[in-house]
Amino acid sequence: MTDAVGSIDTPDADDETAESKKKTRKGGKRGKKGPLGRLALFYRQIVAELRKVVWPTRSQLSTYTTVVIIFVVIMIGLVTVIDYGFQEAVKYVFG
Numbered sequence: 000m001t002d003a004v005g006s007i008d009t010p011d012a013d014d015e016t017a018e019s020k021k022k023t024r025k026g027g028k029r030g031k032k033g034p035l036g037r038l039a040l041f042y043r044q045i046v047a048e049l050r051k052v053v054w055p056t057r058s059q060l061s062t063y064t065t066v067v068i069i070f071v072v073i074m075i076g077l078v079t080v081i082d083y084g085f086q087e088a089v090k091y092v093f094g
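Sequential numbering from 0 applies to the sequence shown in numbering that gives the first Met the number 0.
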């Protein structure tokens, strides 16, 4: 069978040149450095990413913390009520 470019059994000329280019490439920055150089690059990238983070202000942080604590207290109360209801239902059914 053939497709629009050529035979399936024989690769195209463009494919061979692309593969040969990939084989000669050494890996960029990581290929030239040892383990300590790669570790230093990793930490530099971490610091660069942390600089991009939009940190909340103190008032936003206290608001978020308050909302989370209130939500957790409400969920604890809800689970407690449901647990008590199941406990009473089991006592009623099984004596």
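Be a bit skeptical, because a hint or two may be false.
Subject to a maximum C-alpha distance of 25 Å in a straight line, what follows is the list of computed SDA-like cross-link-like pairs (lysine to any residue) [what the hints assert, rightly or not]:
#: 1; residue 1: 51; residue 2: 61
#: 2; residue 1: 32; residue 2: 56
#: 3; residue 1: 32; residue 2: 48
#: 4; residue 1: 51; residue 2: 70
#: 5; residue 1: 51; residue 2: 69
#: 6; residue 1: 51; residue 2: 41
#: 7; residue 1: 90; residue 2: 79
#: 8; residue 1: 90; residue 2: 70
#: 9; residue 1: 32; residue 2: 44
#: 10; residue 1: 51; residue 2: 64
The hints are simulated quantities; they were obtained by calculation from the structure and are not laboratory data.
Hints, verified against the model:
Between residue 51 and residue 61 the alpha-carbon distance is near 22 Å, which keeps this suggested pair within the 25 Å criterion. At most 25 Å may separate the alpha-carbon atoms for a hinted pair to count; residue 32 and residue 56 exceed this at roughly 39 Å. Taking the CA atoms of residue 32 and residue 48, the gap is near 21 Å; set against the 25 Å cutoff, the hint holds. Taking the CA atoms of residue 51 and residue 70, the gap is near 30 Å; set against the 25 Å cutoff, the hint is violated.
For the suggested pair residue 51 and residue 69, the alpha carbons sit about 30 Å apart, so the restraint of at most 25 Å is broken. Between residue 51 and residue 41 the alpha-carbon distance is near 16 Å, which keeps this suggested pair within the 25 Å criterion. For the suggested pair residue 90 and residue 79, the alpha carbons sit about 16 Å apart, so the restraint of at most 25 Å is met. Between residue 90 and residue 70 the CA atoms are separated by roughly 30 Å; this puts the pair beyond 25 Å, and the hint is violated.
At most 25 Å may separate the alpha-carbon atoms for a hinted pair to count; residue 32 and residue 44 meet this at roughly 15 Å. Between residue 51 and residue 64, the direct Cα distance comes to roughly 23 Å. Compliance with the 25 Å bound is thereby established for this hinted pair.
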